[in-house]
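Chemist: Model the full structure from these sequences, guided by the hints.
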Amino acid sequence: MAAALQPVPAMPLALQNISLKHLGTEIQNTMYNIRVNKQTQGTGHRPPGEDSPLSEEPQREEQPSPPDLSAPGKDPVDSQKPTPKCSLTANLIQKAKRQSNTFPLFTEGLTRNRTAQEKVLALEQQVLMLTKELKAQKELVKILHKALEAAQQEKRVSSAYLAAAEDKDRLELVRHKVRQIVELGRRVEALEQERESLVQTASLWEQQVQELRQHVQLLMDKNQAKQQVICKLSEKVTQDFMHPPNQPPALPVAADRGLLSQQEKMEHLKDDMEAYRTQNRFLNSEIHQVTKIWRKVAEKEKALLMKVRRGSPVLALSVPSHPSSPLTTSPLSHSLLMT
Numbered sequence: 216m217a218a219a220l221q222p223v224p225a226m227p228l229a230l231q232n233i234s235l236k237h238l239g240t241e242i243q244n245t246m247y248n249i250r251v252n253k254q255t256q257g258t259g260h261r262p263p264g265e266d267s268p269l270s271e272e273p274q275r276e277e278q279p280s281p282p283d284l285s286a287p288g289k290d291p292v293d294s295q296k297p298t299p300k301c302s303l304t305a306n307l308i309q310k311a312k313r314q315s316n317t318f319p320l321f322t323e324g325l326t327r328n329r330t331a332q333e334k335v336l337a338l339e340q341q342v343l344m345l346t347k348e349l350k351a352q353k354e355l356v357k358i359l360h361k362a363l364e365a366a367q368q369e370k371r372v373s374s375a376y377l378a379a380a381e382d383k384d385r386l387e388l389v390r391h392k393v394r395q396i397v398e399l400g401r402r403v404e405a406l407e408q409e410r411e412s413l414v415q416t417a418s419l420w421e422q423q424v425q426e427l428r429q430h431v432q433l434l435m436d437k438n439q440a441k442q443q444v445i446c447k448l449s450e451k452v453t454q455d456f457m458h459p460p461n462q463p464p465a466l467p468v469a470a471d472r473g474l475l476s477q478q479e480k481m482e483h484l485k486d487d488m489e490a491y492r493t494q495n496r497f498l499n500s501e502i503h504q505v506t507k508i509w510r511k512v513a514e515k516e517k518a519l520l521m522k523v524r525r526g527s528p529v530l531a532l533s534v535p536s537h538p539s540s541p542l543t544t545s546p547l548s549h550s551l552l553m554t
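Note that my numbering numbers the sequence shown so that position 223 is 438, with each residue one more than the last.
Heads up, some of the hints might be wrong.
[Claimed, not checked] No farther apart than 25 Å at their CA atoms in a straight line, the calculated lysine-lysine pairs in the BS3-like style are these:
1) Lys-347 - Lys-334
2) Lys-370 - Lys-357
3) Lys-451 - Lys-437
4) Lys-522 - Lys-357
5) Lys-522 - Lys-392
6) Lys-522 - Lys-507
7) Lys-441 - Lys-480
8) Lys-522 - Lys-361
9) Lys-517 - Lys-357
10) Lys-447 - Lys-437
11) Lys-392 - Lys-361
12) Lys-480 - Lys-437
13) Lys-361 - Lys-347
14) Lys-451 - Lys-480
15) Lys-383 - Lys-370
16) Lys-361 - Lys-517
17) Lys-447 - Lys-485
18) Lys-357 - Lys-347
19) Lys-451 - Lys-485
20) Lys-447 - Lys-480
21) Lys-451 - Lys-441
22) Lys-485 - Lys-437
In short, the hints are calculated from the structure, not lab data.
Modeler: Here you go:
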């Protein structure tokens, strides 16, 4: 009985403070510490020296202070809780620093791309200018070659003239040159006559082409008028078919006659259209042949002019060039040939 009446021995202070509630909060705190450690390990792959003070500050703040066991009213587990607000602010600061570090790199890349594109455009323009200069230099070289050949020929003639010992040889050379000049003059006269004949034939062909154009224009106007009439009649027939008029029953024969006459007119108009189409095709073929003949004449004339220029450049300057035919430039003939 005395032992039962004795007071229960007092438990230590650490065991008195432990309870089920404290165990749950302690488990939550340990899980949070594990997550924070994982995050710090993931961000630890960055280059050394970056964000070192910011990473040290949350670690210092996350280290729990040792529990003050002397204070009886305070819970040691509650005193070991980390401050989540400080860790969140530290993470936000780290993200802001990362963004501020990446934006200058992005702008630098854009400026580099722009400068590279500008350099490429400048190089392309330089290449184009160099190609143009090369073409001009090639043409200049050709002209200089021709001038050099002419100068060499004159030099040969003058050297042969000077190398002649006697006056007879020199006179023979002069006579030979005179004969060449006379022969070239005859060739130029023949080419002039041929050119005049070609000009006359070309003028005749141009007159014929103008007449054919006028005829074709008349046929096109007639065809257009007939097409308008056919469209109006077809619209009228469709309207009569869709909405027949209320005619008295005493006149069925007159209506039949009217329909028959309209059908006959339609058939006649169709026949006329076919005839005009065939006529247009025939005219188009004739115009095509005329253009072919005119092109051949123009080519011959160009060949003759080239021969004249090669024969004597002084006489070639007096030969006028034939004007271009209006058939090749007129859009009407082009449209007719395309049809």
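Chemist: Please go over all the hints and tell whether each is borne out by the structure.
Modeler: Cross-check of the supplied hints:
Note on Lys-347 and Lys-334: the hinted pairing holds, with a Cα-Cα distance of about 20 Å set against a maximum of 25 Å. Proximity of Lys-370 to Lys-357 is assessed by CA-CA distance (about 20 Å); at most 25 Å being required, the pair is judged to hold. Proximity of Lys-451 to Lys-437 is assessed by CA-CA distance (about 21 Å); at most 25 Å being required, the pair is judged to hold. The straight-line distance between the Cα atoms of Lys-522 and Lys-357 is roughly 19 Å, inside the 25 Å bound, and the hint therefore holds.
Of the supplied pair hints, the one linking Lys-522 and Lys-392 holds, its CA atoms being roughly 19 Å apart against a limit of 25 Å. For the given pair, Lys-522 sits about 23 Å from Lys-507 by alpha-carbon distance, which is consistent with the 25 Å threshold. Taking the CA atoms of Lys-441 and Lys-480, the gap is near 12 Å; set against the 25 Å cutoff, the hint holds. A distance of roughly 16 Å separates the Cα atoms of Lys-522 and Lys-361; the hinted pair therefore holds under the 25 Å criterion.
At roughly 22 Å between alpha-carbon atoms, Lys-517 and Lys-357 fall within 25 Å of each other, so this suggested pair holds. Restraint check: the Cα-Cα separation between Lys-447 and Lys-437 comes to about 15 Å, which is no more than 25 Å; the hinted pair holds. Proximity of Lys-392 to Lys-361 is assessed by CA-CA distance (about 21 Å); at most 25 Å being required, the pair is judged to hold. Our distance criterion of 25 Å between C-alpha atoms is met by Lys-480 and Lys-437, whose separation comes to about 16 Å.
Between Lys-361 and Lys-347, the direct Cα distance comes to roughly 22 Å. Compliance with the 25 Å bound is thereby established for this hinted pair. Using a Cα cut-off of 25 Å, the hinted pair Lys-451 and Lys-480 holds, with the two alpha carbons roughly 13 Å apart. Of the pairs offered as hints, the one joining Lys-383 and Lys-370 holds, with about 20 Å between alpha carbons and a cut-off of 25 Å not exceeded. In summary, the hint linking Lys-361 to Lys-517 is supported, as the alpha carbons are separated by about 21 Å, within the 25 Å threshold.
Proposed proximity of Lys-447 and Lys-485 is supported: the alpha carbons are some 14 Å apart, at most 25 Å. A distance of roughly 16 Å separates the Cα atoms of Lys-357 and Lys-347; the hinted pair therefore holds under the 25 Å criterion. The suggested pairing of Lys-451 with Lys-485 holds, with an alpha-carbon distance near 16 Å, which does not exceed 25 Å. Annotation: proposed proximity of Lys-447 to Lys-480 holds, straight-line Cα distance about 12 Å (limit 25 Å).
For the hint linking Lys-451 to Lys-441, the alpha-carbon distance of about 15 Å falls within 25 Å, and the restraint holds. Using a Cα cut-off of 25 Å, the hinted pair Lys-485 and Lys-437 holds, with the two alpha carbons roughly 14 Å apart.
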